[in-house]
Amino acid sequence: MAKVLMKGNEAVGKAAIEAGCRYFFGYPITPQSEVPEYLSSELPKVGGVFVQAESEVAAINMVYGAAGAGARVLTSSSSPGIALKQEGIGYISNAGLPAVIINMMRGGPGLGTIQPGQADYNMAVKGGSNGDYHDIVLAPASVQEAVNMVMEAFDLADYYGTPVIVLADGLIGQMMEPVEFNYVCKKELSPKTWALTGKGDGEKHMVENLVIEASECEAWNQKHFEKYAKIEANEQAWEEYLMDDAEYAFVSYGTSSRIVRTAISYLRDAGYKVGMIRPKTLWPFPVKAFDKWDKNIKKYLDVEMSMGQMVQDVAYACNDKNKIEFYGRTGGIVPAVDEIVEFGKKVMGGDK
Amino acid sequence: MAVIFQKPKALTDVKLHYCPGCAHGIVHRLLAEVLEEMNDDKNAIAAVPVGCAVFANKYFNFDAIQCAHGRAPATATGIKRVHPNKLVVTYQGDGDLASIGTAEIVHAAARGEKITTIFINNGIYGMTGGQMAPTTLPGMKATTAKSGRDPKINGNPIRVCEMLSTLDGPAYIERVSVATPAQVTQAKKAIRKALEIQKQGLGFTFIEVVSSCPTNWGLTPVKAMEFVREKMIPYYPLGVYKDITAEEGK
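Each protein sequence line maps, in turn, to chains G and F.
At position 174 of the first sequence (counting the first as 1) the number is 174 in the working numbering, and the numbers step up by one without a gap.
At position 37 of the second sequence (counting the first as 1) the number is 37 in the working numbering, and the numbers step up by one without a gap.
Derived by calculation from the structure, the hints in this document are not laboratory data.
Among these hints, one or two may not hold up.
Restricting the straight-line Cα-Cα distance to at most 30 Å, the calculated cross-link-like pairs of lysine-lysine (DSSO-like) are [claimed, not checked]: (1) K199(G) to K152(F); (2) K199(G) to K42(F); (3) K193(F) to K231(F); (4) K199(G) to K223(F); (5) K321(G) to K292(G); (6) K199(G) to K193(F); (7) K15(F) to K223(G); (8) K15(F) to K199(G); (9) K58(F) to K223(G); (10) K9(F) to K192(G); (11) K188(F) to K199(G); (12) K192(G) to K199(F); (13) K230(G) to K273(G); (14) K199(F) to K199(G); (15) K45(G) to K199(F); (16) K227(G) to K58(F); (17) K192(G) to K42(F); (18) K199(G) to K231(F); (19) K58(F) to K192(G).
Using the sequences and the accompanying hints, generate a full structural model.
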């Protein structure tokens, strides 16, 4: 398929349709409102269903129902809206159901701002709902990657039986880039024999969430964590940029990694041996990338559009909190290249 | 020997956990009987609440999902949109439906979502132990309104059938009770009518059952049913609040 120029928010909607998603339940919020707007007109054309819910809470609980009924289902929102969805995300996680949730992050906390941000890292990666659970979290850095990750998210969700969060930001949602859509399912998926379809002549299906006996509830949790161990073993994904000779490594994801990439070209020109580890999965965090390169690296330069929510994961991955320097902007400010060049020079020993 | 009476096959053999005199058992049975008589237990999917009926999925011998508190109408919406030809039923109590889930029930009704809601109104939070519900009567005691509900302090009860009947989305709304044998018969008819309207795809259907909670009311089962007849029903009058099939017949 030839490349087309599309806005991020519309492209992720099209990606969902290409991946076979026919159900969207959502609520308007800046800067992601083009996702529901696009799907409200496009889903009916392919026999799908778009419902504008009365609230984010209702939307995610509609997703819970549709996922339980065996469908590929999507919702999208932005930071305060995703905060409202946390109840349902916990229920879907606990029931082990597949669903895809897109978060076009903006600055927070609370109502915050409508400009791009990355301060929902903790909410997505550490779990914003109650209880012990993880969701797979994918972090695209371009419109094309957002498209690819939305498609992959449906496969991962179905394969593991878990919600998958595509954690992008308002900049990726709002900008236009040329994209192509080539969906190929890379997982071997089993039929959803557990889905609520009416029992017909067979056994009834149940989607359960209350496990009132403590010992059974603990066993239920442990089963989830066996699944999470497999995900941690198999699904870590990252990009290595100019790492072969690097003595210093930026760690950055999504929109901030794009600015870091440009800053690296200036720093390389100035003689610094610096590269980047760009996590593409935030959960599972790509610890393997750090296992691979850590012996070469003097310092990690963590750059985020937050006050440093990823720093603890980098510290865990490299097993040395003293090896990390952090630079972040927050509240909707996107850092400029020269700020990051300056930060890099300061960490790596000034002008060469 | 011919069997002249037996438990509906649409109920499992799991022992009910409900207190003596609780109406949940009666209403579970009515729903099961109706589904079986319509030969639709195989096509039914229930969205069960948080509250005393949280284990209804274990008692119903048909598909079911345990929902978040108050969200059953939203979850049922998701199911029905995926399977428009199945019968989707939410089963909810008064705290679930008329307090924490008010938005979900009002908007499912306003959308004309083609589901059936069975609403058990016993005017109290049962599972958590007798706190004030949105439908607790003025003067009725609760653990969070120990001297009795004072509308000046605790606000006023909500009459859900009356409220929903102002919307254009609902196709059928009836309030019934199960405090007399005649009422039980009428309740069964109402549930059947609601499910048949759903099957015809005519819109949202809603059956409120004015019910009892002897344990948290501090009454014997017999006195609790008297309380339903003498106190609850005068505040929550029985009857049909909306019926588009009757309007069409005019």
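Status of each hint after checking the structure:
1. K199(G) to K152(F): 49 Å, violated
2. K199(G) to K42(F): 5 Å, holds
3. K193(F) to K231(F): With a Cα-Cα distance of about 27 Å, the restraint between K193(F) and K231(F) holds, given a limit of 30 Å.
4. K199(G) to K223(F): Violated - the C-alpha atoms of K223(F) and K199(G) are around 40 Å apart, more than 30 Å.
5. K321(G) to K292(G): Between K321(G) and K292(G) the Cα gap is close to 18 Å, so the pair holds against 30 Å.
6. K199(G) to K193(F): 22 Å, holds
7. K15(F) to K223(G): 27 Å, holds
8. K15(F) to K199(G): With a Cα-Cα distance of about 21 Å, the restraint between K15(F) and K199(G) holds, given a limit of 30 Å.
9. K58(F) to K223(G): Satisfied, since the Cα-Cα distance of roughly 21 Å is no more than 30 Å.
10. K9(F) to K192(G): Given pair K9(F), K192(G) holds - Cα atoms ~26 Å apart, limit 30 Å.
11. K188(F) to K199(G): 23 Å, holds
12. K192(G) to K199(F): Measuring from Cα to Cα gives roughly 25 Å; hence the hint holds.
13. K230(G) to K273(G): 35 Å, violated
14. K199(F) to K199(G): 17 Å, holds
15. K45(G) to K199(F): With Cα atoms ~26 Å apart, K45(G) and K199(F) stay inside 30 Å; holds.
16. K227(G) to K58(F): 26 Å, holds
17. K192(G) to K42(F): 18 Å, holds
18. K199(G) to K231(F): 41 Å, violated
19. K58(F) to K192(G): With Cα atoms ~21 Å apart, K58(F) and K192(G) stay inside 30 Å; holds.
Taken one by one, the earlier hints fail for this structure at numbers 1, 4, 13 and 18, listed in ascending order.
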